[in-house]
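S.K.: Below, each chain spelled out in residue letters.
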Amino acid sequence: MTDRPTVWEEMPKINRDLLSPLQTTTWTYYLWVGVLSCFVAAGAGAWTYQIQTGIGQTDLHHPIFWGSYIASFVFWIGVSHSGTFISGVLRLTNAEWRRPVTRMAELMTVVALLVTTLFVFYHLGRVWRFYYLIPYPNQRELWPNFRSPLMWDATAIFTYATASTIYIYLPLIPDFALARDRIQGWRKTVYGWLAIGWHGSQAQWRTLEMAIRIITPLIVMVMISVHSIVGFDFSMALVPAWHSTIFAPYFVVGAVHSGLGMVVIGLYTLRRVYRLHEYVRTEHFEKLGKLLLVTTLLLAYMYFAEQLTVWYGQVPDHMAVQNSLLYGAYAVPFWFMVSCIYIIPLVTLVWPRFRQWPVGLMMIGLIINLGMYIERMLIIVPPLARPRLSFQWDEYFPSLIEFAILVGTLALALLLYSLAVKFVPVISIWEEKLGKKHAQEH
Amino acid sequence: MSQDPQATEEYSKTAASPYKWEMVVDLDRCSGCEACVVACHAENNIRISGEEEAAEGRAINWIRIERYWEGDYPNVKAKFLPVMCQHCDDAPCEPVCPVYASYHTPEGLNAQVYNRCIGVRYCGNNCPYVARQFNWFDPHWDEPLAEQLNPDVSVRSGGVMEKCTFCVQRIRSGKEAAHKEGRRVRDGEITPACVQSCPTSALIFGDRNDPDSRVSHLKKSRRGFHLMESLGTHPAVTYLRRLSE
Amino acid sequence: MPKNTETTDRHVVLGLFNPATFLPPVLEHIRSQGIPDLLMEILSPLPLETSLLNKPVRIPLHRLTIIGGIVGIGVGIFFAAGTALLFPLVTGGKPIVSIPVVGIISYETMMLMAIVVTFLATAIKIAFVQQSGLRNDPRIDEGSVGLSIQVGNDTAKAHTISQLLQEAGAFEVEIRTIASDS
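If you read the sequences in order, they're chains A, S and B. For the first sequence, the working numbering assigns the number 442 to the last residue and increments by one with no breaks. For the second sequence, the working numbering assigns the number 245 to the last residue and increments by one with no breaks. For the third sequence, the working numbering assigns the number 182 to the last residue and increments by one with no breaks.
Same shape as in the complex, but just chain A (with noise of 0.2 Å):
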């Protein structure tokens, strides 16, 4: 041990700076959550005039059945990946760099499955009764139909929240503890509460590092499977352009990739809110930045198999599909999304420069999230719009109510995760302790 200020000393420090968001609030912050407030509550008017008078204040009509809602669903999850991808495939590999960036992106992902949930409400034509979908007993005997994709869209949801909820709340026991002892008023009893007797013995701390070394392996393999099942939604339909094998792992590729997006604009967001730059460094946004070039390259190329199979092969249902999208109805959405997703992250992450740029990766980070959602809504869109049937062919753009109802819960999950950040520490804070630590040995 040497005289530098080892990790030990630094630990006063550490404290201090990662649980200050939970003790000062500043007018900003009130204001921020007043005007999301607001936000929420016009989406759930919109949301409520739309079960009062009927689905059809969507544009939907037939034969486009599917529409913002369920590209909305899709995008969400998507985001959803954030969380896990970072968190269990980097605790998974070692990767140290993970450290400040796990917390806040298992936040997103709880926040985001969350409003993912709401999707599925908004959609359903009678959503009063949804427990329709729930397999309970009951005196008719029916149970759900579980041979349809939708119910195993339903069990994976279940699934991967209950776990990402398990996944966010075991690392978190030991800063509950910490909180507990240093936070005064009711919310020392909900820490108290949540910290389950914590006390860092060694026989606890054993017991921690076993769990999480059990389930990150398990909470990898369920968050594959579950965007490989939402596109499996797609895939087992007959619909042309979406009865495709590329879709499951196409589906997980792109969640990642607009999951890395939001942790990005998340990590920028919240190290200048928070004045954080001592944890989250430039390195993070680079590493980000490496991770964001290779899903863009990995999803690029598996867009182009699946549209250049499409091409040659030029079977004409699927063609009608493929010229609404390259010069058709659908032309400039697709470009848009083209150059959002693949050709700008491409052209500026490729530069090392530029990943050590945190505003930059910030406005990528936007920009492949603006370009996810419009590639959500192209995959459900035209290929409903151009059934084989051409006397049917329609086109969709989404109506007032569905924008107040989408622009409503992207304030919804804003404000979660804003009430979130006062009640959970935005970086592990024991995890932060034993990186340093290891730096230091090593």
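Check before you lean on any hint, since a few could be wrong.
[Claimed, not checked] Calculated cross-link-like contacts (lysine-lysine; reagent style DSS-like; alpha-carbon spacing at most 25 Å):
1. A/Lys437 / A/Lys13
2. S/Lys20 / S/Lys175
3. S/Lys20 / B/Lys94
4. A/Lys188 / B/Lys125
5. S/Lys220 / S/Lys79
6. S/Lys79 / S/Lys219
[To be verified] What follows is a list of derived Cβ distance ranges for each label pair:
7. S/Glu56 / B/Pro100: 36 to 42 Å
8. B/Pro138 / A/Thr26: 22 to 28 Å
9. B/Lys94 / S/Arg223: 29 to 35 Å
10. S/Glu56 / A/Val35: 33 to 39 Å
11. A/Thr25 / B/Glu172: 30 to 36 Å
12. B/Gln166 / A/Ser418: 44 to 50 Å
13. B/Asp154 / A/Pro137: 57 to 63 Å
14. A/Thr93 / S/Phe225: 54 to 60 Å
15. A/Trp128 / S/Arg223: 46 to 52 Å
16. A/Leu297 / B/Glu172: 53 to 59 Å
17. S/Ala54 / A/Val35: 50 to 56 Å
18. A/Arg213 / B/Lys94: 28 to 34 Å
[What the hints assert, rightly or not] On the chain A side, residues computed to face chain S include the following (Cβ under 8 Å):
19. His62
20. Arg129
21. Arg147
22. Ser148
23. Phe391
24. Gln392
By construction, these hints were calculated from the structure, which means they are not laboratory data. Ideal placement from N, C-alpha and C gives every residue a C-beta, glycine not left out.
Please build the complex by placing chains S and B on the supplied structure of chain A, with the hints as guidance.
M.R.: Relative to chain A, chains S and B alone:
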């Protein structure tokens, strides 16, 4: 009456076997008059959509006449294709329903249970014939149209998928009448509203399991084909090709 | 159990050390006082790699995970195959029990049960350790290592050990008495 004694004998042996309802659409006879569409609306309590909703693509039609133009002006020809639910034996819409609102009856009908439907609309996407229609709003009928609803057919609320049932209420009453007399339903005894109203008799309905029925004969015609046969859905609607050209 | 308040009180000695000066010889001294490793526990703000104490930590967590997973497969088979057989409805010319579907649903429920059971076992284990009279000290999280020793009802021994800890370099020693609540 029978042309094939062996088949008739077979049929009487299996008199207890279920019916398999089948429709034949003779494209050569269809004049595109849409009488079937009107009859279907009246029979099945289909909601009135109005001009605006129709423009939005929300008019509900259990049967529709698709009109395709062939050739260039002035030598254009209109071709008509009546499309209704094809009651596929391997229906793509059925297994995707998460709540069993869509299932297959033993008589080969593709049934829709309105009370069970929660409106996820997956079945609508997965129907290659776009035969499924959705109630985007609660139905309404202008006075006095509300007074003429068919009491045998339930009115569907908003948020529910619906589609052609082959006039299941007529099939039921036909079967009940036959059952009282202790016999099977005779060929031609049951006619869905569209079949009944077709002035050119382009639509024929009957039991596929009855080897003497008109549909059984017509189905074997060299003109017979199914819509999108390559999808393997095995529809219960057989189309007969046009004779001209 | 004798109803004697004096003898059922338990003492826990907690010494706080600077991690730089916390050395294994302390443990030897305490061991020589007749305290087995089982009654000692090291408290730390982060997991320590080397286990200084010689006590076998047997956590059959992975076994519980596997059992949970197997139960989960059963749950999945019940949902995907069982409920279909309970009320068989034909859809789209498909079989009533579809093997790939059973596979997919069982996979998800297997993961669900495996993770939930692992979690519950972990939570119970973590919460249960607390019952043994160990206590938390906020100062540990500020960068020190705690050594906690259970000495039973022997007050004299508690004082001897606290003396020992002080000599070994603990910057703070506490004797905590837990009244029996019988």
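S.K.: Among all the numbered hints in the text so far, which are the ones the structure does not match?
M.R.: 17, 18
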